[in-house]
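Q: Sequence:
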Amino acid sequence: MTDVIAIDGPSGSGKSSTSRGVASRLGYGYLDTGAMYRAMTWALLKRGVDVHDAGAVAAAAREVVLTSGTDPAGPTIAADGVDVSGPIRGDEVTSAVSPVATVPEVRELLVSLQRETIARATGGIVVEGRDIGTVVAPDARVKIYLVADPVARAQRRAAELGIEDAEAMREALARRDAIDSNRATSPLAQADDAIVVDGTDLTLDQVIDRIVALAQQ
Numbered sequence: 001m002t003d004v005i006a007i008d009g010p011s012g013s014g015k016s017s018t019s020r021g022v023a024s025r026l027g028y029g030y031l032d033t034g035a036m037y038r039a040m041t042w043a044l045l046k047r048g049v050d051v052h053d054a055g056a057v058a059a060a061a062r063e064v065v066l067t068s069g070t071d072p073a074g075p076t077i078a079a080d081g082v083d084v085s086g087p088i089r090g091d092e093v094t095s096a097v098s099p100v101a102t103v104p105e106v107r108e109l110l111v112s113l114q115r116e117t118i119a120r121a122t123g124g125i126v127v128e129g130r131d132i133g134t135v136v137a138p139d140a141r142v143k144i145y146l147v148a149d150p151v152a153r154a155q156r157r158a159a160e161l162g163i164e165d166a167e168a169m170r171e172a173l174a175r176r177d178a179i180d181s182n183r184a185t186s187p188l189a190q191a192d193d194a195i196v197v198d199g200t201d202l203t204l205d206q207v208i209d210r211i212v213a214l215a216q217q
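All the letters of the sequence shown, read from the start, carry residue numbers 1 to 217 under UniProt numbering.
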């Protein structure tokens, strides 16, 4: 059985940096499930699919081939054989990923792929997302729900993207949270047995230290 560390939480809470750090410390693999939804969105946009047409999205998604690398030192994501690690972080994909991620058929496809990736991992894997502890890997040995104050989240995400307007970023994150939390299929939710880690007043290393300590108990 693969040892799974599930790290869920809202946008901008620091899941990616934290998860990669935890994986590196433990010598585990790393899977960014959010990148998979972004890669799917990129592929659909390249196909000219209207991302607001759920039927068209569901039909086209079945033809997309996604490949995720699990090295925390250099995670990769490819769509139809194209490395899209950079393009999926652009504005076009960012503005389109939420409607794609709400389509049940897309979630079914990607949850299946995520579980396959987890099963192939040797030793252990840190998996980050919004529904890992509740849907993707409900039997994960350690479940973390990583949160941070909305202002801190906005400031971190704005700095990460080189954006000066942190208030606009806070509003954008709030809209994303609302969509993720209220979608019918696999909403953003804290698993009943998840441990909440609030990173608002902690450094990245302190957050990583806390989760690694929990994983080593």
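Simulated from the structure, these hints should not be mistaken for lab results. These numbers were taken from a predicted model, which means no experiment stands behind them. Heads up, the beta-carbon is just placed ideally off N, CA and C, and yes, glycines get one too. Among the hints, erroneous ones may be present.
Unchecked claim - Quick list of simulated restraints, FRET-style, between CB atoms:
(1) Gln190 - Ala54: 25 to 31 Å
(2) Glu63 - Gln206: 25 to 31 Å
(3) Val65 - Gln217: 25 to 31 Å
(4) Glu92 - Met1: 37 to 43 Å
(5) Asp149 - Thr94: 18 to 24 Å
(6) Ser17 - Val65: 25 to 31 Å
(7) Ala54 - Asp209: 29 to 35 Å
(8) Arg62 - Arg89: 20 to 26 Å
(9) Asp139 - Val196: 16 to 22 Å
(10) Val151 - Arg89: 18 to 24 Å
(11) Val196 - Gly162: 26 to 32 Å
(12) Gln217 - Ser181: 28 to 34 Å
Q: Hints first: check each against the structure and report whether it holds.
A: Against the structure, the hints come out as follows:
1. Gln190 - Ala54: 25 to 31 Å: Because 27 Å falls inside the window, the suggested range holds.
2. Glu63 - Gln206: 25 to 31 Å: 44 Å, violated
3. Val65 - Gln217: 25 to 31 Å: 39 Å, violated
4. Glu92 - Met1: 37 to 43 Å: Cβ of Glu92 to Cβ of Met1: about 39 Å, so the range 37 to 43 Å holds.
5. Asp149 - Thr94: 18 to 24 Å: 22 Å, holds
6. Ser17 - Val65: 25 to 31 Å: Since the Cβ atoms of Ser17 and Val65 sit about 28 Å apart, the hinted range of 25 to 31 Å holds.
7. Ala54 - Asp209: 29 to 35 Å: 42 Å, violated
8. Arg62 - Arg89: 20 to 26 Å: Between Arg62 and Arg89, where Cβ atoms are some 25 Å apart, the hint holds.
9. Asp139 - Val196: 16 to 22 Å: 20 Å, holds
10. Val151 - Arg89: 18 to 24 Å: 22 Å, holds
11. Val196 - Gly162: 26 to 32 Å: The hinted range 26 to 32 Å holds for Val196 and Gly162, with Cβ atoms some 30 Å apart.
12. Gln217 - Ser181: 28 to 34 Å: Hint holds: Cβ distance 30 Å, inside 28 to 34 Å.
Checked against the numbered hints above, the structure breaks hints 2, 3 and 7 and satisfies the rest.
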